[in-house]
Amino acid sequence: MDLSTELVGLVGVGILLTALFLQSESFVGPLVRGIALQSLLLGVLLGWLAWSQQSLDLALLAVLAVAVRAGLIPWVLDRQIRAFRWRLREVHAAQRVTGHALAAIALAIVAWFVFQETLAGVFPQPGGALPFVLLVEGLLMLATRGNTIVQVIGYLEEENAVVYAGALFAPHFPLFVEVVVFLDVLGVVLVGVILSIQRDVTGTLEASGLEELAG
Amino acid sequence: MIASASQLALYLLLAAPSAAALLALVPWVSVSRAAARTGSLVAVGASLILLGTAAHVRWGPYLGVDALAEVLLFTVTSIYATSTWYSDRYLRAVHRPYLTPQIYYALLSAFAFTMIAALLVTDLGLMWIGIEATTVSSALLIVLERRPASVEAAWRYTLIASAGLTIALFALLLLYIDTGTLDAIRLAANPPPLTLPVEMAVALALVGYGTKVGLFPMHTWLPDAHSEAPSPISAMFSGVLLPTALYAFLRVYRVLGTPVPASLQDLLLAFGLTTALAGAFLLQRQRSYKRMLAYSSMEVMGLALTGVAIGGIALYGALLLLVAHAFAKSAAFYCAGNVLRETGTSKIDEVRDLRGRMPRTAAAWVLASLAVTGAPPFGTFLGELLIVVGALAIGAYWAAALFLLAIFVAFLGVNGQIGRMVFGERGAARAPVASDGDAGAGFAYLNVAFALALGVASLPYLTGALRSAASLFGGGAP
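Protein sequence lines, in the order shown, are assigned to chains S and G. Residue numbers for the first sequence follow the numbering used here, so the first one is 1 and each next one is one higher. Residue numbers for the second sequence follow the numbering used here, so the first one is 1001 and each next one is one higher.
No lab work stands behind these hints, which were simulated from the structure alone. Only a predicted model underlies this, so the values are computations on that prediction, with no experimental measurement involved. Worth double-checking, as some hints may not be accurate.
[What the hints assert, rightly or not] Restraint ranges, calculated between C-beta atoms of paired labels, are given here:
{"no.": "1", "chain 1": "S", "residue 1": "H172", "chain 2": "G", "residue 2": "L1196", "range": "15 to 25 angstroms"}
{"no.": "2", "chain 1": "G", "residue 1": "R1285", "chain 2": "S", "residue 2": "S196", "range": "29 to 39 angstroms"}
{"no.": "3", "chain 1": "S", "residue 1": "H172", "chain 2": "G", "residue 2": "P1259", "range": "28 to 38 angstroms"}
{"no.": "4", "chain 1": "S", "residue 1": "F27", "chain 2": "G", "residue 2": "L1392", "range": "55 to 65 angstroms"}
{"no.": "5", "chain 1": "S", "residue 1": "A67", "chain 2": "G", "residue 2": "L1392", "range": "55 to 65 angstroms"}
{"no.": "6", "chain 1": "S", "residue 1": "G71", "chain 2": "G", "residue 2": "D1349", "range": "23 to 33 angstroms"}
{"no.": "7", "chain 1": "G", "residue 1": "P1259", "chain 2": "S", "residue 2": "D200", "range": "46 to 56 angstroms"}
[Said to hold, decoys possible] Examples of chain S residues toward chain G, derived with CB under 8 angstroms:
{"no.": "8", "residue": "L72"}
{"no.": "9", "residue": "E158"}
{"no.": "10", "residue": "V177"}
{"no.": "11", "residue": "G192"}
{"no.": "12", "residue": "V193"}
{"no.": "13", "residue": "I197"}
The beta-carbon is built from N, C-alpha and C at its ideal position, and this holds for glycine as well.
Take these sequences, add in the hints, and give me the full structure.
Written out as structure tokens, the structure is:
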């Protein structure tokens, strides 16, 4: 196995570990730093792929991953947390964090095997299953967590999964940079605008079920 | 000449709403409103030119239209126009709006622009960007009325729709890896061999775009967003946003060529019928009339997807159903907006005797509810009838039976509840009647009349375009 393959695999495992860490944490601050680390690792991976393939698109994606998803969005999220000093811990997840962690590990194993059984022949790259595992982990986070900042982190994880898959399997995917820029814009809108409105109108970041929205 | 007129129309379709969105930001509300209204009317005119010239051509590597895009462009621009004109009085009644009228009109036009752009591009990647952009442009409109529930709805909408669209992006990645292109026209003209990645791409696109269409079980954002958004925006959500998202899926689906593999056809049928039945039964227990209408839209999307799955004449029925429903449902939401403005409540149990309080709105609401639930002779009835005929023609009797069950349940639910609100006895306590309680009902009548015309007449250009659109997907026409 050459150095490049080893590096890609190693960073990929690091990304997977951050994903599992995010599932097992109920304090919001470490979660924000966790997604920043994941994005930074993805940026390193993209940078390496850009250098080895001499791809300007991948280099741009690496810059975006580091600047926006490892830098700007976590910084904005951190400011939101400071505004809600009294809610640094996700209220409902705190009691269920062990269950979340176990579910995340089980889901990662299932996703890995499903990939090996179906798509491994189509995507023979080493560590090809990792983006798919990351995608389902992001979906799990979105589906099971009740704090809006944590849901944003789930969304960012999904975005990281798409960028990871694109860079690994289809680096020449048309409009890839534009698509990622767009996803980043949406991320900024989510954290910068809607979270602020939520703070103004409801005074809480817990996405508690409202009576009127039942049914 | 035809090419140049079509080209001009295409540019106008992109320029009018985008210019309106920018001009709407000026400090004067009257100018902002006029810009949005003018932009919407120019867009309707441009879509009519495209329909009239029937120019199924492409311009450059990324832009182009065919019959299906033309039909939906006309529908989108029409509902954009009526919603823009209806908005004025609605906005005046909103207490402490979160958005200024200028921002509202700018976002409304931007929302229309994103849908139009998604319909005009031929690249599946750009189409994905267009669909995702609809989320960005419309999410803030939901919070106009500054209720905690509105913020919650905007949040759920943005997050769930975006999560779904990420799955759709994965689908496009798979498709590109297998075919090497995302050019929808090229893929449709030369369908790729049916490999596992292609089949998975179509299935994932169904789940991904299906989230935005409101398919069960990814529909949870839909009732929240539709019920919390201001009524003109609910009209655009239900009437045209859901069909635009379905259009994006259809473009991926078309890659399969004909005949469609049975496994994928069954998958579509399962999603379609489950969504229709879930929508029909869930609307029965709603306490809010706007939420009930939202579930009704979900039911209709399920019916339309069932028609797509069956193919043949049912496909024509599905397209007709989508267009007729867009006009009928927007009318229903305009009426709901009037009722909300007049009574100050969205609870079904608190609204009675609309016949006496606001007769013009009440009559339009009854007609609109009949139209959205497929009563004859509206276009929705004809569309649903053709889907049933298509199902029977291929021997899918169980599908036809479930389809009819969904229609029947939804018909009873929606018309029963609206009937209670319109004809029910009023209680002792009664809110004062606003002098302009019926204002804006004219737009509801206009759209209901169009839904009716689709059922009883062969409309110039539109009916022909619908036939051509169905034939693009291997469907037939009566």
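Here is how each hint holds up against the structure:
1. One distance hint, 15 to 25 angstroms for the beta-carbon pair S:H172 and G:L1196, holds here, with the actual separation near 21 angstroms.
2. Hint check: G:R1285 to S:S196, Cβ distance near 34 angstroms, so the stated range 29 to 39 angstroms holds.
3. Between S:H172 and G:P1259 the beta carbons are some 32 angstroms apart, a value that agrees with the proposed interval 28 to 38 angstroms.
4. Evaluation of the 55 to 65 angstroms hint for S:F27 and G:L1392 yields a pass: the beta carbon distance comes to about 59 angstroms.
5. Checked against the hint of 55 to 65 angstroms, the C-beta distance between S:A67 and G:L1392 comes to roughly 58 angstroms, which is consistent with it.
6. A hinted range of 23 to 33 angstroms is violated for the C-beta pair S:G71 and G:D1349, which are about 51 angstroms apart.
7. Restraint check, G:P1259 to S:D200: a C-beta distance of roughly 54 angstroms satisfies the suggested window 46 to 56 angstroms.
8. Because the smallest distance between the Cβ of S:L72 and any Cβ of chain G comes to about 17 angstroms, over 8 angstroms, the interface hint for this residue is violated.
9. This hint holds: S:E158 has a C-beta 5 angstroms from the nearest C-beta of chain G, less than the 8 angstroms allowed.
10. A cut of 8 angstroms between beta carbons decides the hint on S:V177: the least distance to chain G is about 11 angstroms, and the hint is violated.
11. Residue-level restraint check for S:G192 is violated (minimum Cβ-Cβ distance to chain G is 12 angstroms; threshold 8 angstroms).
12. For S:V193, the interface hint holds, the least distance from its beta-carbon to any beta-carbon of chain G being 7 angstroms, beneath 8 angstroms.
13. For S:I197, the suggested interface contact is upheld, since its CB lies about 6 angstroms from the closest CB of chain G, less than 8 angstroms.
In the structure shown, a violation is registered for the earlier hints numbered 6, 8, 10, 11, in ascending order.
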